[in-house]
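On the provided structure of chain A, position chains B, C and D as indicated by the hints.
There are 4 protein chains.
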Amino acid sequence: MAGSSYGTLFKLTTFGESHGYSVGGIIEGFPAGFLVDIEHIQQELSRRRPGQSAIVTQRKEADQIQFLSGIFEGKTTGTPIAFQVINENHKSGDYDHLKDVFRPSHADYTYQQKYGHRDHLGGGRSSARETISRVVAGALAKQYLITLGIEIHAMVDSVGSISLTSQELLNVDYSLIEKYSVRCPNEKLALEMESYIKEIRKKGDSVGGSIYCIVNGVPVGLGEPVFDKLHAELGKAMLSINAVKGFEIGSGFSAVNMLGSEHNDLFNPDGTTKTNFSGGVQGGISNGMPITFKTAFKPVATLMQSQQTINSEHKEVELSGKGRHDPCVVPRAVVIVESMTAIVLLDFWLRRNAYL
Amino acid sequence: MAGSSYGTLFKLTTFGESHGYSVGGIIEGFPAGFLVDIEHIQQELSRRRPGQSAIVTQRKEADQIQFLSGIFEGKTTGTPIAFQVINENHKSGDYDHLKDVFRPSHADYTYQQKYGHRDHLGGGRSSARETISRVVAGALAKQYLITLGIEIHAMVDSVGSISLTSQELLNVDYSLIEKYSVRCPNEKLALEMESYIKEIRKKGDSVGGSIYCIVNGVPVGLGEPVFDKLHAELGKAMLSINAVKGFEIGSGFSAVNMLGSEHNDLFNPDGTTKTNFSGGVQGGISNGMPITFKTAFKPVATLMQSQQTINSEHKEVELSGKGRHDPCVVPRAVVIVESMTAIVLLDFWLRRNAYL
Amino acid sequence: MAGSSYGTLFKLTTFGESHGYSVGGIIEGFPAGFLVDIEHIQQELSRRRPGQSAIVTQRKEADQIQFLSGIFEGKTTGTPIAFQVINENHKSGDYDHLKDVFRPSHADYTYQQKYGHRDHLGGGRSSARETISRVVAGALAKQYLITLGIEIHAMVDSVGSISLTSQELLNVDYSLIEKYSVRCPNEKLALEMESYIKEIRKKGDSVGGSIYCIVNGVPVGLGEPVFDKLHAELGKAMLSINAVKGFEIGSGFSAVNMLGSEHNDLFNPDGTTKTNFSGGVQGGISNGMPITFKTAFKPVATLMQSQQTINSEHKEVELSGKGRHDPCVVPRAVVIVESMTAIVLLDFWLRRNAYL
Amino acid sequence: MAGSSYGTLFKLTTFGESHGYSVGGIIEGFPAGFLVDIEHIQQELSRRRPGQSAIVTQRKEADQIQFLSGIFEGKTTGTPIAFQVINENHKSGDYDHLKDVFRPSHADYTYQQKYGHRDHLGGGRSSARETISRVVAGALAKQYLITLGIEIHAMVDSVGSISLTSQELLNVDYSLIEKYSVRCPNEKLALEMESYIKEIRKKGDSVGGSIYCIVNGVPVGLGEPVFDKLHAELGKAMLSINAVKGFEIGSGFSAVNMLGSEHNDLFNPDGTTKTNFSGGVQGGISNGMPITFKTAFKPVATLMQSQQTINSEHKEVELSGKGRHDPCVVPRAVVIVESMTAIVLLDFWLRRNAYL
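Protein chains in written order, with numbering that gives the first Met the number 0: chain A, 0 to 355; chain B, 0 to 355; chain C, 0 to 355; chain D, 0 to 355.
Hints listed in this document are in silico derivations from the structure and should not be mistaken for laboratory results.
Possibly wrong hints are sitting among the right ones.
Which residues of chain B face chain C? A few of them, derived with a C-beta cut under 8 Å, are [unchecked claim]:
1) E16
2) Y20
3) S21
4) G23
5) G69
6) G73
7) K74
8) P79
9) Y114
10) D118
11) G203
It should be emphasised that the depicted structure is a prediction, and the values quoted were computed from it without experimental measurement.
Heads up, the beta-carbon is just placed ideally off N, CA and C, and yes, glycines get one too.
Only chain A is shown next, with the shape it has when bound in the complex:
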C-alpha cells in the first residue's frame, strides 16, 4: 500500500536508499524446489551496473548479491527469499551541496513536501539504485519462465532521433543486443548511438531514448479481464521505472492514425494472427502471439552543467553538475525492462495456474 510492493501471488517488496546500508527486497510466492542460478543473477546485475562501458556512468559499484533466506541447499523453499546488495561506496560527503537544494526534475522537492524529511544522499529512496532489487527478482523470474519456454528480449530501439524502424523491429537478431554497449541490435545504429551519447556527455548534457521489448513463447490465457489486463499491468510496471514517460503495446500511438480494416489482426486457422498490432494481447489476455511493447525514457535530469534552481528556503541558487552520471539511461535500463516484464509474467502465470 505504501508503494514498495509489486505483484499478487509472485510479489516483490523492495527497500533501500542509494547511500544507506544496503538495497534489497523480499520475494514472496516463488515456487519451491527450484535450483537457483546465482551466477546468472550476478550477471544480470552486471548488465545494470554502472561503469560497465564507456557510455554509462563511471561510478564503481560491485553490486554483490547476498541471499538472506528462502534458499536451502541451493534450492528455493517456497518461503520468502530475502536478499541485499550492500552499498559499498558511501561517499556521502559528495552530496552535502544537495542537502537543502531541490534539483530540477528530480524527486527532491516532492519527497520533501510529502514526507517533511528525506535522505538526500544520491537521491535516497528515489535513486535508480532501487532497481537493483527488481533485477534480482526479475532474474529469478526469468530463470523460472525459461523453463516454461517464455523468453524475454529487450533492446534499445532509439536514442534521441536515432531509431530502429517498425520493420526492423520485426526481424531482430537477438544475439546482437549484448554485442554493443548501447544494446541496440543493429551495428550501424548502435555505433551511431554510442558516438552520439559520447558527444552529449562531453557537453554535460543528457538525452532520452526508448526500449522495445518482445516476449516469445507466452501461452494463451495470461492476464485478467477488466482492470488487471496484461498490458495494463505491464504498463504500470514500466511506468514505475525511473525516468519512464510513456508506454505502448503493439501498435501503440500509431494506432491513432490507423483504420480498423488495417489494424485488425486476422486469424490464421491455428489461432495465430497474420499481423500483430495487438501486441500479443486481446481483451487484456495473451493470445499466444509475441508480446511487444515500447517504453519511453526521458533524458536523465542530472546534468554536468550548472542550472538555476531553488533551495529549501525557496531562494534561487546555482546548482553545478558533480559526480558521475549517465548521459543516457536506456543501455542500463534494458535489463530493468526485462526484469519487470518477467515479474509481471510470472505473477500472471501463477494467477492462471490457480485455475488449471
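Frame of chain A; chains B, C and D shown alone:
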C-alpha cells in the same frame, strides 16, 4: 485478484455482461456523510451513452442508474455503495451468428481459450458496457474531488491524423469541449473530425484517436514512491480501458528526442516550475503543477464490412458486419478517461490523508 | 480495505443494509465452467432465514436469490458473479424509536461516532442480514469443494450450559443435525436446548451458544506459513460473524491445562495422527486430518425487555423491546459458519493450486 | 499472498529461517519524521530472547537489531524500513537427526508435503524465531501509539491450571508484570507458576498457558465493519503466533452461558459502558472502552523425552529430546502478543485517519 477490482482505499469492483441482467459495481471506501448528486451521475452516464450524437453508435440504451446500498437520506454512510444499470435491450438473437466465431482483434478467442466457456452476447464481460460502472464511480469521485479543488478535463486531441498541437493543448478553453459532439475543444478541428468520422462510418470502417487529460488543483504529495507512482497507476487505469494501446505522461514519447537541458523543468521560487514536461509528477509524486497525460485508442475492431475469420472449430468463415457500432471510440471515451482519473486521484488522496 | 471484502483469489465483496433496497455481493475468482445448483443456494438461504422454526425470530423474509452476472447458460464464466436479495419487508416505521437512540451492545454508537451518519433501520449495515451474502458465496464454494471431496459440517454444540461433551463431538451422526430445529445432533440435548430457548424467549431475554465445525476430506497443504495460517484465517472469518466472541482450533483453550506429552499428536505410519488436538492444522497448514474448531456466540443484544440506555444527545432514555428477534442466534448461524469455512477453504485451495 | 505479509497501510513482511543467515523484515507505511528509539526496540527483543531467565530456554542468542533502510539521521523517512537480526548460533549439526524425521505436532510434515523441500534446521521458516521480526515492527508501532495515548499491556494469566480470576484481571497493577520472570502480575501466582514450570522442565515435559491483553486509550472508531472487524483482525494476528490455539475478545467463551440481560453493556451518559463484556469493540469498531482479549497457547511440542514418530519414508522411529527448549512458551510470548496488537492497532489507526 481476478481483475475486476481497482484501488486500495477507494475501491471499485465491477460486474456485468453486455447482455446479462445488469452491469454495476460496489464502491468501497467513499467518505461518509457526502450528499450525492444523482442527477450529475446520470449526466455523466449520458456522456458515455450510445446514441447521443450523429457520430457515435445509434444503439438505444437508457442507462438508468439505481443505487442498492450505501446512501441513506441522500448521503453516503461510509459503507459499500452498490449500484446497477439494468440492461434493457437484450436482443440476444442479434448475436447468434457470433456464438462460435472469433471476431478479429476482439476478446472472443482469448476468453474462450482462458475460460473454456464464455458469454458471447455482445462481447459479454469484455464489452465496453462494463465502463458504465467506471463512470458511476468516477462521477462520485469527481463530486468529492471538486470539493477539494481538483478539476479534471479530458478531451479528444486527435482522430486519425487530425490533431491538436502541443501548443494548442497548453491553452485549451474547457468550455468548448462539450460543445462539439466529438469533444475536441477547437471548432475547426472538431468539425473536421466529425466529418471525417462520418465518412469512415459510411465506408463501414473505423478509425483511432487519442484523448488528452489535464488535472488542475492537485496538491503536492499524491502518489507513492517506487511501484505505485502516480503516473504508473494512471497508466494502468488508462490501459485498462477497452481499445487503449498507449499512455504517456507529460512529455511522453517526445522525451526520447529531447536533451536534459531542454526537458528539465526549472523551478520558480514558489516551487512551481517554468515548464511542465514532467506532467505534474516527479519521482511518482504530484508536484502541484497540472497533471497532463495522453491516451491512445485503436480503431474499433467491429467493422461494418465483411472480414475473413475463424470459428471455434478453427475453420475459416466469413464474418459480416452487423448491428450499430462506433466508427471512432474517443468521443464517448472522454468521460471514461475522466472517471478513471478521478478514481485514481481519490484513492491517492485518501492514501496520503492517512498520514496527515 | 474498507472491510467489506474477504479473500484473495476467491473473493467476496458484500453490500447492503437491513432495510435498503437489497443485500448482495460480488464473487470474484470462482472457477469457470461450473454448473451452478441454484436450488441448493436457495436451500442454504432457508437454513439462515428467519421464521424457519418455533425457536427463531418470526419475521417473514423470503430471501429470494437473483444473479446479476457471471453465470451464462447455467454455468459460471470465470467473471464476477454478482447477486442480490431484494429486501421485501421495509417496515421502516418500526425503527423510528431507534433513530436517535444507541442500543446497548449494538453497533449504533460506534457507527455513529465513526461515520457521523448512519442508517439506523434495523441496524443498517451492521445487521446480520449482511450474512445472506456470505451464505450465497458459501453455498457456491461448498458446491465446488464437494467435487473435491471436502465436506463441511457445523452444528450447535452448546446453548447456555447445555452442551455436548468433547467425547460426543468425536462421534457425531451428521444426519441428525438438520433433524432438530436447534441443529444439535443429539436428540436429548436438542430437545432440552429447544425448550430452554423457548423459556428464555418468554422472559424477553436471550442466551449465548457455540457452534462446532468439522471439515472432512481436506488434503495436506492448505494454508500458508506465518501470517496467513489456515486457522488464523478461519479465526478471522468466524470472528467477523455478528455476535461471535471467541474461536478455538482443535484443543483450543483446553490446551492451556495440558502437558506436551498429552497434547502431541503422534503419527501413524501413513502420516495421519493418533489424536487430533491440532485440529487438522500444523504450522498453519492442513495435515490431512479433520479440521475442527469451535466458535462462541454471545446472547443477542436485542431484548424484549425494557433497558436503560442513552440517546444521541447523551441523555438517558428507556428503551423498550420491540419487533421479532432471535432469543438465541446459534441455530441460524450454523449455515453461516459453514459458509465462511467454505469461503476460506476454497481460497486456500486456489492459492495452493497456483503452485501445483 | 504467500502468507508472510501482514497489514494494509502499516504493513510488515517478514523473512528468515531459524538457522539461515538472518531473520528480519520490511515495514511499509510507518509515518515519516518519527525519531526512533532503537534502545527500546532492543529491550523489547530482550523480552522475547531465550536465556533471559531460569524458566525459559537457555539457548544463547544476542538478537542484535540492524536497520538497513528507512531511517535517516535517526528519523523515519516514510519509505520502507528494512531490518535484520543475524543468526549467530548456526549449530546446524544439532539438527542432523531431524533431517528426515517428522516431529509430532510440529510443522515438519506439513511443510514437507506442501513444498517438497524444506529447511529442517531448527524448524526453518516455521521456527518461532520468525517472531523476532514481529517484535521489531511491534516495538516501532508501540512507540508511535504511545504518542497517541494508546497503551498495551499483555500478561500471563494462566499456566496449566494456575490462573488469575476474571475479577483479578479487572484490577491489574501493570508494574508487576515484568517483576516476575513468568510475567504474571500477582506475586503468589507468579511464584507458583514459576515453580510449576521448573517442575515440568525437570520431567522433560511442557505445559500450556494463556495471555491476557488490555489496551487502554483506544479512541472510538478503530476497526472496519463486516469482515475487517477490529477483533477479527486481532484474532487473526494472535492465531498467527506459533502455538496459539484460541482467541477470545471480552466475555469470549463465557458468553455462551450468559443471558443477554447480563451481557449487555449498559451506557453511561458519556458513552462509556458500565460493564465491558464487549471487550471494547461493538460491531467490529472500538467503542472507547479498554480492549481486552485472551489468547491460548498449547504446550510446546518439543519435549525432552523420547517419543515415537515417523520419518520421511513413513517408517516409525524413536525421537529423543535434544537441545534447549522452553517448557512453557507464554512468558516469552507476552511481548509477541503486545507486538501483534500494536501492529493491528496502528494499521487501523491509519485506515481511520484516511477519512478524518
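Query raised in the report: What are the numbers of the hints that this structure violates, sorted from low to high?
Result: The structure breaks hints 6, 11; every other hint is satisfied.
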